[in-house]
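Chemist: Residues per chain, in single letters:
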Amino acid sequence: MSHLLSSHALSLLRGDRCLVRDLDFALDGGEILLVEGPNGSGKTTLLRAIAGLMEPEQGELRWHGKPIHENYQSYRADIAWLAHLIGFKYDLNLLENLAFESGLRATDRSRTESVLQRLGLQKLVTLPLRSLSAGQQRRVALARMLLATAPLWILDEPLTNLDAAGQSLVTELIAGHLAGGGACVIASHQPIATSATVRQVLLK
Amino acid sequence: MSHANDIPGLWQGFSSLVRREVLLAWKRPGDVLNPLVFFAMVSTLFPLAVGQSEQQLQFSAPGLVWVAALLATLLSLNSLFVSDYEDGSLDQLILSPQPLPMLALAKSVAHWLVSGLPLILVSPLIAFSFKMPSSVIGVMALTLLFGTMSLSLLGAIGAALTVGLHRGTALLSLLILPLAMPILIFGARTVSLAAAGDTTTAGVYFLAAYCMLALTLAPFATAAALRISNE
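Chains L and C are the protein sequences, given in the same order.
In this text, residue positions in the first sequence follow numbering that gives the first Met the number 0: the first is 0, and each later residue adds one.
In this text, residue positions in the second sequence follow numbering that gives the first Met the number 0: the first is 0, and each later residue adds one.
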């Protein structure tokens, strides 16, 4: 049986620097792909390639055994992306942003209230995101992941800017996602506490 | 896990993006008003500068209105994708399961709604300040309709190509002006013909055809440019 996500002799360039060379990995449901390495080692580049935002120089990425660019539009429906940037409009409030989100991709709106409560955002829904703190904005970005119904989460430094409670919340959310058969690709400097199978990719 | 059936339809994706853009413009009215004020100021200051000679005004009005409209639109095109690029929304748009050309079209339509449409609405006022015959107003609005729509569509390609650059303004104008020349020439000439009482159908048809061409091709070019710029 083919793996959920796999890479085959993947090489990535950033500018004219080769950041990733001949990388092979395989990821199945319920597992984490943990991408580690010092600053500038290509963690974000690898994540962007996995999301299909950039073309690999060589090799390919496969989703359910098929190259992601072969059916990129349906692959996009299967991924949720969380990076350093919030990906929401700062001038709009959370409800307006989430309403836009649900017009764009599959979301489970019936869970909106419980998700906002879990993230501690329910009192902030009518404030423009600009007026929220960095940590709160981070939680807002998490709301997108939780409302989306995508099986693959791609997380770039998910613990940044979060307090201790926020960090353990993210760990819980990841565990919940994995328990539901989903998979995560995570780039992180901090260790992620988990009982799930972790596949490591170490970039130099 | 497959959720193909839950993905919002094309129309829903299109309309939510248009709605979001209009809502953003509503919350930051300065962005919308600046080009409009520019357009109105150029067009009303000009008669003061060249004097009240009716003949002279009527002669130069069509060209002037069109140059002002073109520059006002270019002014507002710069920022079309910049804020999406800076806050990460562009990644999320590209990664959404909606077809990117459709989202690019929605951005252009929203841009036209908040920049082109107001220009058309104030154009009768301009015609009045240039002492143009009232019969011109309809033709002027019609040519501006097709012209500004084409500019919003074509300008999106340039805005998408220059989104990653920090000073893309001059480059954007250079990229777009050649494509905008036919619009300027036919738009201004058609309004002149209307002012002289001549037949204007050829010019209007040309602008309509140009607009249709932009409507069918520009969103695909914009989508491709966005993917490259965002890599």
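In short, the hints are calculated from the structure, not lab data.
For each residue, glycine too, the CB sits at the ideal point set by N, CA and C.
Heads up, a few of these hints could be off.
[As the list claims (entries may be wrong)] Across the chosen pairs, the derived CB separations fall in these ranges: (1) L/66 to C/66: 45 to 53 Å; (2) C/163 to L/129: 22 to 30 Å; (3) C/121 to L/64: 56 to 64 Å.
Chemist: All the hints need checking, so say for each whether the structure fits it.
Modeler: How the hints compare with the structure:
no.	hint	result
1	L/66 to C/66: 45 to 53 Å	holds (50 Å)
2	C/163 to L/129: 22 to 30 Å	holds (23 Å)
3	C/121 to L/64: 56 to 64 Å	holds (58 Å)
When the structure is compared with the earlier hints, no violation turns up for any of them.
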